Structure formats: structure tokens, C-alpha cells
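Top to bottom, those sequences are chains A and C.
Heads up: the first sequence at position 290 corresponds to 290 in my numbering, and the numbers run straight through without jumps.
Heads up: the second sequence at position 145 corresponds to 452 in my numbering, and the numbers run straight through without jumps.
Keep in mind that a hint or two might mislead.
[Unchecked claim] Taking lysine-lysine pairs in the DSBU-like style, the calculated list, with each CA pair at most 35 Å apart, reads:
| # | chain 1 | residue 1 | chain 2 | residue 2 |
| --- | --- | --- | --- | --- |
| 1 | C | K489 | A | K120 |
| 2 | C | K434 | A | K278 |
| 3 | C | K389 | C | K609 |
| 4 | A | K156 | C | K672 |
| 5 | C | K321 | A | K113 |
| 6 | A | K113 | C | K389 |
| 7 | A | K113 | C | K328 |
| 8 | A | K43 | C | K609 |
| 9 | A | K179 | A | K113 |
| 10 | C | K623 | A | K278 |
| 11 | A | K66 | C | K489 |
| 12 | C | K609 | C | K419 |
[To be verified] Here are the computed distance ranges between Cβ atoms for each label pair:
| # | chain 1 | residue 1 | chain 2 | residue 2 | range |
| --- | --- | --- | --- | --- | --- |
| 13 | C | K406 | A | N180 | 30 to 40 Å |
| 14 | A | E228 | C | S608 | 50 to 60 Å |
| 15 | A | S178 | C | D476 | 55 to 65 Å |
| 16 | A | V286 | C | E556 | 23 to 33 Å |
| 17 | C | T333 | A | D293 | 40 to 50 Å |
| 18 | C | A317 | A | D293 | 50 to 60 Å |
| 19 | A | G265 | C | K406 | 50 to 60 Å |
| 20 | C | S678 | A | D293 | 24 to 34 Å |
Note that these hints are calculated values from the structure, not bench results.
Bear in mind the structure is a predicted one, so any value in this text is a computation, not a measurement.
Beta carbons are placed, not taken as given, at the ideal position from N, Cα and C, and that holds for glycine.
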Amino acid sequence: MSILITPETKIIVQGITGDFGGRHAKLSLDYGTHVVAGVTPGKGCQFFEHGTHKVPIFNSVTDAAKATGATVSVIFVPPPFAADAILECVDAGLDLAVAITEGIPIKDMIRVKRAMQGGKTRLLGPNCPGIVTPGTGKDSFGGCRIGIAPGYIHKKGHVGVVSRSGTLTYEAVFQLTSKNIGQTTCVGIGGDPVNGTNHLDIIKLFNADPETHGIILIGEIGGNAEVEAARWIKANCQKPVAGFIAGATAPAGRRMGHAGAIVGGTEDTAAAKIAVFKECGIEVAVTPSDMADALLRAAKAKGVTLT
Amino acid sequence: MNIHEYQAKALFEKYGVPVPKGAVATTPEEFINALAQLPEGPTMVKSQIHAGGRGKGTFTDGYKGGVKFCKTKADAKEIAGKMLGNTLVTVQTGPAGRKVQTIYFTVASDIKKEYYLAILLDRASSKPVIVASTEGGVEIEKVAHETPEKLFKIIVDPAYGLADFQVRDLIFKLGFAGAEAKNAAKLIRNLYNAFWDTDAAMIEVNPLITTPTGEVLALDAKVSFDSNALYRHPEIVALRDLNEEDPKEIEASKHSLSYIALDGNIACLVNGAGLAMSTMDIIQHFGGTPANFLDVGGGASKDQVIAAFKIILGDKNVKGILVNIFGGIMDCNVIATGIVAAVKEVGLKLPLVVRLEGNNVAAGKATLAASGLALVSGDTMADAAQKIVKLVA
């Protein structure tokens, strides 16, 4: 099994007629993902065409979900309208909303997160690369690719990857696949300070997934989500876990690209988080080039096979 | 986005948060007019720069203190003359300091007691938090560490907003009573309104004071805003002071590049924030020092790469460049072509190591090799970082 999505998951693309959304909808279709509907208000009854694919466009998420049975939506709409787009997924009763959009005001996300509390819809992101469950075909074709990650670097297998950063996730996945180690699901939770799903949520899912034999946890400076996840791992997770924290050289008080990547005190520095990782039995990758090797070390120590 | 103290206090006044009466001047001629707006008597002279630690700072000509108490307005005028146009170095400015281009004069208030008050995002709960302490005028991190029992927090539920009982709770914990309690409650509520309405990222009042007559005043004011929300606040964008920002960072933002200057000598050019941060880290890991953070975004177009090279080369400390691109979706050959064009256009003379990985990487590497440029290819991040550190050493 994978977590959150399977190769059979049907997805909606909000903002499918935009440049960005359209481009990635095509790449997902090429990957074999079931992109079953698009949503662009005012463009209902039109179609999004790509090769032999003809994806119907709807005016609302509810219409799209009712007509197609889709349970997940991916959001590519511009920042001023993104919070509304997320709430529309909640209203439609979807299982998962994946917000790719970067630059949503923090206040909008504070309100959205409060509105989602207690509801059934899970939010991934915003400002995230999305989520991939690799398929069994060539270059992992036939998987479910939601968002902007390169599908072909993946390989179906037994490692779960969770990260705030897009390219750093690709780096980890690429290292794993190069070593012939496949993945169950790779999840980007996003670089914003207020996001829907955090490291710990994903770690719990990986821990409960029998197909996932090992986990790579990638974090960065700012906040305490990695620390919270690490402490839970120490108490509850028997699987080998490798960790990496970016931003050891970041000056305090400066936002490093991601809105959430900012050192606010003494406890959210890279050094502090790495110290907690070590204390919690997480094998720390010394450099970003060492992520897959770190997981191999952790697996060897626990006598776990990753392939 | 940060603003000056005097701008923050104008915002406070708009929201009904009391501050000591003040006036600004940007030239010596304006000192007279500004001071004329204040009553005769003790006056504060405050250098306006976007950095903390002004009071304990030193000007580059040796004059000490960017914030001064003066017994008379005449003294204030003289002291302001020493600060204006002078460069102030504080713990937060770095050794280069900041040129003081605005002076803020305020009435020097009688202080009965100092408090600390701030409103910011509580990341753990994803809700606004009001933080207050009876220990004003000192570093709040120190209070949190040494005397956490003197630090009080209210988490605000965004669905309801700041509740009256929460404000009362805080007021009593801080030990306010009578007229002071009433004034403090009003101030806290108004300050929260300012925070919420303006999409502030953080408001910090340190110190908040009481006076012998029962007034509660914001004696200092530090406000920053969520950059993502600026599109809906043109009145706040108008407060931006470009003099306070690194010209290289301003130039970068024009090209949708995320750039932060550091003090090392190995520049980096990377796609993606996480990868950019860890590229700096790996340079340091292998004994080098990063000159900057630079994220060219997921696309890394030719124009962006050219702009990025120009910005990097504007930093005279740079002795070598490391390009690290993970071309997930984008064709590595397109990126390589962009790098070659950029290097030729800027006439790069410094050592350059390029690490490309991802889609169509073999063709990309072939393009780099056939370019005739004196660049070095790195296979992994570790390999590339070691090579550039060696070339610069």
C-alpha cells in the first residue's frame, strides 16, 4: 500500500486552464494518473485536451466530484484566490486537497486551517510540490502524481519520503532510485509557516503502512514540526528513519526562500533540530548527498531490508 | 516587510494605541519644525533604521548611542545633528551599519513600570498569539529562558477573534489595576485589531510602559508585515524604505529571484529554496563559506540565470561560483545552454563548478563540456562542493 493516494485515485485539477496547472495536468496524464476533471469557474462544459485524453472542465469542485467520483483535488490557482479554492474542496467533501500555490497570505491560511478543523478533508501544502505514489511501469509510470514533482525519478518500493522542500525531495528520491531503492509515497508538505499536514501526520501514516519499511524525514530551519515528529518517532516508530535539516548556514531572522524557513529563536535552528534527531535515534544525513546512504545505515542497524 | 518605528507608531495611533507624542525630520532644517510640534522639556532622539539594538549601538565616527535622552529640546536638536547622516552599527546591522536618514523626536515619558507585549503567529497552533511579560525593556528570549513564569501567552481563535475574557486574564496576570487596567485592555485589543487588519507578521512593543498618571503607552514599536499579503495593502507598500535593503536583494526581487547576501566567498545559484539552503550548508561542511542564498525557482530560465550571475558578481567578496540545479521537469540541456550563454554574456573569470542532475542530464553535461568554457562539472552535490572549495582555496 501507499499512503493518502493510490494509482487508482481520481483527481481534479483546480486551475487546469492556467499555464502552470495545464502544464502539470498534462505531465500527470502522461504519468498515467487519473486526472478526471478540471475546475475553472466560467469554463464549465469545456474540455482540457491532451493527446488522447479529453478531461471535462467544471465550474465548481462539487460539480466535478459528483460527476466523476474524484476524491482529491490539486490547486494551482493564484494566491489571492487559493484559500477560497481550498475551502471549496472542504465543501465538496473531498478526502484530500493539495495546494501547490506559493504566496498565500498567512492570515488566509490561519482562517482556512481553522475552518477545516474537525472536517474530513485533509490539506497538503500550500507552497508544496505535491505527492507521488510511484507506479509499476517504466520510470514508475502508472503511478499517481499530484502536483509538480518529476514522476520519472521515482520507483515503486518501500521507502516513504516526507519533506518541506520540492527540489530537496527530488534529490532524496533520485538518490534512492539510483541505488535501486523504491518508494511507497513521497510527500511534500510545503514551505509555509501555516500548512495543512505536518511532518508528524505523515510519519504516523508511514508508520502504520506495512509496505513502508523505512522513512526519510527532510526538514529545515523554523518552527518545531521536525522536533515534534522526531519525539514521536522515538516513542512510537520502530522503522529505520533518516533525517536531514537544511539551513545550518542561514542567518537568524532572515526568510530563506520559503516563508516558513526562518530562525526565530534558539530551538528552531538546524543545529538544535539535528541534536533532537540524534537524541531520538534518527540517522542524520551529514550532507544532502548522504540522505539515501543515511537511510541504508539506519536500515542496516535495525536489520531491515529496504528493497 | 519591515517599517520604521515612526511609521509603526503612526499605524498605532490610527488604531487607537497610545504612543508618546513625536515628530520626524530628515534634514537639519526640519529639526526646528519637528521640535516645534513637541512641548518644551525632556525629549528623546531616536535614529530610524530597520534594526534593533539602536540604543546600545555605536556610530562609525565613534559617537555612542543611536537613541538618546535629552533634558531640553535644544539639546535634542544638537544630538540629532550628530546622528543624522551618520552610520549606526548595532548587533543587528552587521559591521557595515546603516546610514541614519530619519530622526524621530518624541516626548520623554515618565516611566512607572516597563512591560513587554508582542503579537505574532504561533506556528504550533497556526493561530495568532499575544505574548506579554512584566519584564519589559529586556530581551524576551532571555525572559523565556530564565524566568518563564513571567511570560504570558494568549492564543487567539481566528474563528471568534480576541475574546474579552482573554484580555482580562492577561491584564490580571500582568498585575494591572484600576485606570491602568482599563487603558491596557483597550490598548491590547486595538493592537490586535492593527495586527489582524494589516496582515502583520509581527508587532512588538518593548517596552510598553505605565506612567505615574495611569497612562499606558507603547514606548517602542517594531512591526513587520507578511509579504504575501502586501498586494491587498497598498498603504503599507508605500511605507517600504529601499534605503534599508541590500541593493542586490532589490535587484534580485525584480527578476523573481530569492537572494540573500552573506559574508562568505563562494556564491551559489540553485533551484528551489530547500536545495539552495542545503547547498550553502554543504559548502560550509567541506570547509568553504557561502557568499549568498540564491533560489532561481523551479524553472531556471536563461534570463533568470543571466540576472542571477550579474547579481552574484556584484558581490566583490565572491571568489568562485557553484551552480546546483536539479532539473526535474525542465530539460537539463536547456538549463546548460542558459548557463553557457550567461557565462559568456557576463564574461565570467572566476572558477565555476556546475552540478546538473535530472531530465536529459547527459545532453546537458555534453553542452557544458563542448562550450569551451573553463567550468568544472560536479557529479553529486558533495563532489561539486568539494571541487569549488578546492578551487577557491
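Results for each hint:
A hinted pair counts as satisfied when its Cα atoms are at most 35 Å apart, and K489 (chain C) with K120 (chain A) does not qualify at roughly 43 Å. At most 35 Å may separate the alpha-carbon atoms for a hinted pair to count; K434 (chain C) and K278 (chain A) meet this at roughly 30 Å. As the CA atoms of K389 (chain C) and K609 (chain C) are separated by approximately 48 Å, the hinted pair breaks the 35 Å bound. Taking the CA atoms of K156 (chain A) and K672 (chain C), the gap is near 28 Å; set against the 35 Å cutoff, the hint holds.
For the hint pairing K321 (chain C) with K113 (chain A), the CA-to-CA distance comes to about 30 Å; that is within 35 Å, so the pair holds. At most 35 Å may separate the alpha-carbon atoms for a hinted pair to count; K113 (chain A) and K389 (chain C) exceed this at roughly 50 Å. With a C-alpha separation of about 40 Å, the suggested pairing of K113 (chain A) with K328 (chain C) is violated against the 35 Å cut-off. Simply put, K43 (chain A) and K609 (chain C) have alpha-carbon atoms about 34 Å apart, close enough for the 35 Å limit, and the pair holds.
As the CA atoms of K179 (chain A) and K113 (chain A) are separated by approximately 39 Å, the hinted pair breaks the 35 Å bound. For a cut-off of 35 Å, the pair hint linking K623 (chain C) to K278 (chain A) is broken: about 39 Å separates their Cα positions. Among the hinted pairs, K66 (chain A) with K489 (chain C) is inconsistent with the structure: their alpha-carbon atoms are about 54 Å apart, more than 35 Å. Proximity of K609 (chain C) to K419 (chain C) is assessed by CA-CA distance (about 61 Å); at most 35 Å being required, the pair is judged violated.
With their beta carbons about 58 Å apart, K406 (chain C) and N180 (chain A) fall outside the hinted range of 30 to 40 Å. Between E228 (chain A) and S608 (chain C) the beta carbon distance is about 38 Å. The supplied range of 50 to 60 Å is therefore violated. The hinted window of 55 to 65 Å between S178 (chain A) and D476 (chain C) holds, with their beta carbons roughly 56 Å apart. The given range of 23 to 33 Å is respected by V286 (chain A) and E556 (chain C), whose C-beta atoms sit roughly 30 Å from each other.
Our hint of 40 to 50 Å for T333 (chain C) and D293 (chain A) is violated, since their Cβ atoms are close to 58 Å apart. Judged by the Cβ atoms, the range 50 to 60 Å given for A317 (chain C) and D293 (chain A) holds: they are separated by roughly 56 Å. At roughly 30 Å, the beta-carbon separation of G265 (chain A) and K406 (chain C) lies outside the given 50 to 60 Å, and the hint is violated. With their beta carbons about 32 Å apart, S678 (chain C) and D293 (chain A) fall inside the hinted range of 24 to 34 Å.
Checked against the numbered hints listed earlier, the structure breaks hints 1, 3, 6, 7, 9, 10, 11, 12, 13, 14, 17, 19; every other hint is satisfied.
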